[in-house]
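What follows is each chain in one-letter form.
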Amino acid sequence: MLLPDQMSRVLIVGANSRLEGTLDLLYEDGSTHIIDFIDGEDGFRIGKPLAQAIKASERLLTLRAIAKDLRIREELLEERYPLSKLSQEIDGNAIEKLENEISDIIEHRNQSQERLSDLQLNKRELEPFTHIPLSLDMYRGYESLAVFTGTVRVDPTPSLMAKVGQAEVIMGDDGHMVAVFVARKDAEETTRVLADAGFMEIAALRGEGLPSEMMIGIDEEMAQLEEQISSAETDLVGVREKHIGFLIATDEELSNQVDRAELPLRLGSTSHAFFIDAWVPTDEVEKLAKLLEDGTESNVHLEVLEVKDRTEHDHAEDEEDSRFNEAPINLRNGRMGSLFEYLVTLISRPKYNEVDPSSIFAWTFPFFFGFMVGDIGYAIPFIVLGAVGLKKCTSNEWRTISTMLFFGGLWAFFFGTFFFAEMLGIHFISTEGHLAWNTLLGINVTHDFALFPWETYSKLGDVEILLYFTCWLGFAHLMLGLMVGFYNVKLRHGLKHAVLEKGGWMLILLGGILGVLGIAYMILIETPYFLGTWALYAGIPVLLLGMVMLMKGEGGTALMELFGMMTNVLSYTRLAAIGMSKAGMAFAFNFIAIEMIGGSGGTVNLLLGLLVFLAGHMTIWMLAIVSAGLHSARLQYVEFFGKFFKGGGLPYSPLRMIREHTEKMEA
Amino acid sequence: MADDGIIAIAACIAIATTGFASAWAEKEIGSAAVGAMAEDKSLFGNGLILTVIPETIVIFGLVLAILLWTQMGA
Numbered sequence: 001m002l003l004p005d006q007m008s009r010v011l012i013v014g015a016n017s018r019l020e021g022t023l024d025l026l027y028e029d030g031s032t033h034i035i036d037f038i039d040g041e042d043g044f045r046i047g048k049p050l051a052q053a054i055k056a057s058e059r060l061l062t063l064r065a066i067a068k069d070l071r072i073r074e075e076l077l078e079e080r081y082p083l084s085k086l087s088q089e090i091d092g093n094a095i096e097k098l099e100n101e102i103s104d105i106i107e108h109r110n111q112s113q114e115r116l117s118d119l120q121l122n123k124r125e126l127e128p129f130t131h132i133p134l135s136l137d138m139y140r141g142y143e144s145l146a147v148f149t150g151t152v153r154v155d156p157t158p159s160l161m162a163k164v165g166q167a168e169v170i171m172g173d174d175g176h177m178v179a180v181f182v183a184r185k186d187a188e189e190t191t192r193v194l195a196d197a198g199f200m201e202i203a204a205l206r207g208e209g210l211p212s213e214m215m216i217g218i219d220e221e222m223a224q225l226e227e228q229i230s231s232a233e234t235d236l237v238g239v240r241e242k243h244i245g246f247l248i249a250t251d252e253e254l255s256n257q258v259d260r261a262e263l264p265l266r267l268g269s270t271s272h273a274f275f276i277d278a279w280v281p282t283d284e285v286e287k288l289a290k291l292l293e294d295g296t297e298s299n300v301h302l303e304v305l306e307v308k309d310r311t312e313h314d315h316a317e318d319e320e321d322s323r324f325n326e327a328p329i330n331l332r333n334g335r336m337g338s339l340f341e342y343l344v345t346l347i348s349r350p351k352y353n354e355v356d357p358s359s360i361f362a363w364t365f366p367f368f369f370g371f372m373v374g375d376i377g378y379a380i381p382f383i384v385l386g387a388v389g390l391k392k393c394t395s396n397e398w399r400t401i402s403t404m405l406f407f408g409g410l411w412a413f414f415f416g417t418f419f420f421a422e423m424l425g426i427h428f429i430s431t432e433g434h435l436a437w438n439t440l441l442g443i444n445v446t447h448d449f450a451l452f453p454w455e456t457y458s459k460l461g462d463v464e465i466l467l468y469f470t471c472w473l474g475f476a477h478l479m480l481g482l483m484v485g486f487y488n489v490k491l492r493h494g495l496k497h498a499v500l501e502k503g504g505w506m507l508i509l510l511g512g513i514l515g516v517l518g519i520a521y522m523i524l525i526e527t528p529y530f531l532g533t534w535a536l537y538a539g540i541p542v543l544l545l546g547m548v549m550l551m552k553g554e555g556g557t558a559l560m561e562l563f564g565m566m567t568n569v570l571s572y573t574r575l576a577a578i579g580m581s582k583a584g585m586a587f588a589f590n591f592i593a594i595e596m597i598g599g600s601g602g603t604v605n606l607l608l609g610l611l612v613f614l615a616g617h618m619t620i621w622m623l624a625i626v627s628a629g630l631h632s633a634r635l636q637y638v639e640f641f642g643k644f645f646k647g648g649g650l651p652y653s654p655l656r657m658i659r660e661h662t663e664k665m666e667a
Numbered sequence: 001m002a003d004d005g006i007i008a009i010a011a012c013i014a015i016a017t018t019g020f021a022s023a024w025a026e027k028e029i030g031s032a033a034v035g036a037m038a039e040d041k042s043l044f045g046n047g048l049i050l051t052v053i054p055e056t057i058v059i060f061g062l063v064l065a066i067l068l069w070t071q072m073g074a
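Sequences listed follow chains A and B, in order.
Heads up: the first sequence at position 153 corresponds to 153 in the numbering used here, and the numbers run straight through without jumps.
Heads up: the second sequence at position 22 corresponds to 22 in the numbering used here, and the numbers run straight through without jumps.
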């Protein structure tokens, strides 16, 4: 369960006439991970795509164009399309018919849109001239007259009369638009006068008729066009509603068909035969062989070339292609472990010869999360929200967050009950007259309900004990990491390496912690003096032995990381520190809220107090998701994974038909 | 025993300096990580880890401050 599936490299050989049948069988089996063939290997060529490829690709292209016109993206559809019905429709040219159906509508709509934008432009140009009651043909065609049209800031009539004398000035009803008619000889002078009045020229339009009347015509036509466009859109929505299921299912099916038809491009072939080089999980090889034998009357041959072992060879000696050296990784976890796979692959996919840490992650990650939250009041909403999320969410990210909340919530409930005996930052049992549920509600939970007879700890009161405890948690977690690392190295390079490398680190960790404990006992606690001395005496030789082994195993430079190990252990004190910061905030909010509720301020204060209580705890609760989640993840990724995890494995992607929107109905 | 005021100031310095150091380091790493993620989305996991690594500095500061605080009034 902890290692990825063992893989075998197989070679499948047959005559070209059997290729299609073989591919169907491989897709049905769904366990072969094809190793891509590279052209020019030993006189083989890349295979030719199946005949259906062209037709299917064409149809897919048409389909995607239609989908784009209808604005269809991949959506969640409740119903799956039966495959037999779908194939019938595709073969009956349903896509082509649909294309015809919508192409008319779309062409019409596009034409209308084009005409509409032309009209909009016209309207903008015409608009200034509507202020002057002159027909457009009046602006042009004079021999002895010069015409100026444009806008002015002030009425130029008086100055024109003074300087030019003879001029016809028509001011627009908006007070800005102006049309000036003067004799050609006065044109120059007129330009100067107009410039003083802030004239900006607008060239007169060609055409006939009164602009204000033309405007009415344009508006009418635009309204008509808009109506046409919106009716075309309505038609398209109708088509979309009617065919959306078909379109999405067809996209999936045609993509499958194209993939299948183009698969020979990844295979090697000669003019008469083909061969497929592939990885298959060792457990499945027999099943596949039987399937091929039965399905092709023993005409296609399967041979196991290699059952991939997990030792790591020196790369210098085999220069073989990495395609054949690197088996793809099929993670195999139970239901709970697989929920955490995404969190592991977020960092990297495990390699073929190392433990897949998902199952360990499934325990330690929520454990730390729960320890940091450690409060029944926050745990219950976590559990509820997580459970709902796991039921409803489909995307990997949300499922992972839900998983964290659900399992983390369970642990938080556990620690909130048995370790801290705390709800919403208030303890169940009062210590030294502090605020507690028993004094607050006037009941003695210990006595009345026989609850909490065990020793519990306060996040704010027992800081030293919690710090001490979390260091031990760190020790245990790191030791676990080193053990996994030990197993990995043994798998790759043998026992001797494992003992020297990881065994050395284990001794260093053990010796170090004994030594520190010894010093701590002697200096800080002082009481059991002899215990401290013994711990120190035992710790130093263990530490030294570990260092010697490590030097032999990894070389002297590895000793540089000794302090890293110490900070690793101390890093786990964050478990206490973050719990404490949350408890501190809760304490503050509770203090304020209860003062307000219990005080003599009346209803307003009571309501305000309740508001502070709710908002405060809501804030802490949301911060808990981020801080506890992130810090717990960090302890896994940095401290824990650092002890064993390499990563960089190749994902296993077997030949399979994607069936999310379609389904095969058994006849 | 040492003056409570001095202990409080010491705890304060421990938190403030380490907090500042963490923030500074995370700012640098975070902006680089976001840049890398814009190029390749699959780097999210690594970016996240690298960004939270300096968080340890402030955790040590916090632990130190807590230890100092527990000495107050002793």
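Hints are supplied without guarantee of correctness; some may be wrong.
Unchecked claim - Heads up, simulated DSSO-like pairs for lysine-lysine below, C-alpha to C-alpha not over 30 Å straight-line:
(1) A/K392 to B/K27
(2) A/K646 to B/K27
(3) A/K308 to A/K97
(4) A/K68 to B/K41
(5) A/K97 to A/K123
Unchecked claim - Residues of chain B clear of chain A, computed beta-carbon distances all greater than 10 Å:
(6) I6
(7) A8
(8) S31
(9) A32
(10) A36
(11) M37
(12) A38
(13) F44
(14) G45
It is worth saying that the hints were derived from the structure and are not from the lab.
Glycine included, each C-beta is placed from N, C-alpha and C at the ideal position.
Hint by hint, here is what the structure shows:
Taking the CA atoms of A/K392 and B/K27, the gap is about 36 Å. The hint is violated against a cut of 30 Å. Of the supplied pair hints, the one linking A/K646 and B/K27 holds, its CA atoms being roughly 27 Å apart against a limit of 30 Å. Distance hint between A/K308 and A/K97 is unfulfilled; the C-alpha atoms sit about 52 Å from each other, more than 30 Å. Annotation: proposed proximity of A/K68 to B/K41 holds, straight-line Cα distance about 26 Å (limit 30 Å).
Between the alpha carbons of A/K97 and A/K123 the distance comes to roughly 40 Å, so the proposed pair goes past 30 Å and is violated. In this structure B/I6 is separated from chain A by more than 10 Å, as the shortest Cβ-Cβ distance comes to about 20 Å. No Cβ of chain A approaches the Cβ of B/A8 within 10 Å, the least distance being about 16 Å, so the stated non-interface status holds. At roughly 18 Å from the closest C-beta of chain A, the C-beta of B/S31 stays outside 10 Å, upholding its exclusion from the interface.
For B/A32, the condition that its CB be more than 10 Å from all CB atoms of chain A holds, with the nearest at approximately 17 Å. At roughly 15 Å from the closest C-beta of chain A, the C-beta of B/A36 stays outside 10 Å, upholding its exclusion from the interface. Here B/M37 stays apart from chain A, with its beta-carbon at least about 12 Å from theirs, past the 10 Å limit. The Cβ of B/A38 lies farther than 10 Å from every Cβ of chain A, with a closest approach of about 18 Å, so its non-interface assignment holds.
Here B/F44 does not stay apart from chain A, with its beta-carbon only about 7 Å from theirs, under the 10 Å limit. With a closest Cβ-Cβ approach of about 4 Å to chain A, B/G45 is found to fall inside the 10 Å limit, against its non-interface label.
In summary, the structure is inconsistent with hints 1, 3, 5, 13, 14 from the numbered list given earlier, while agreeing with the others.
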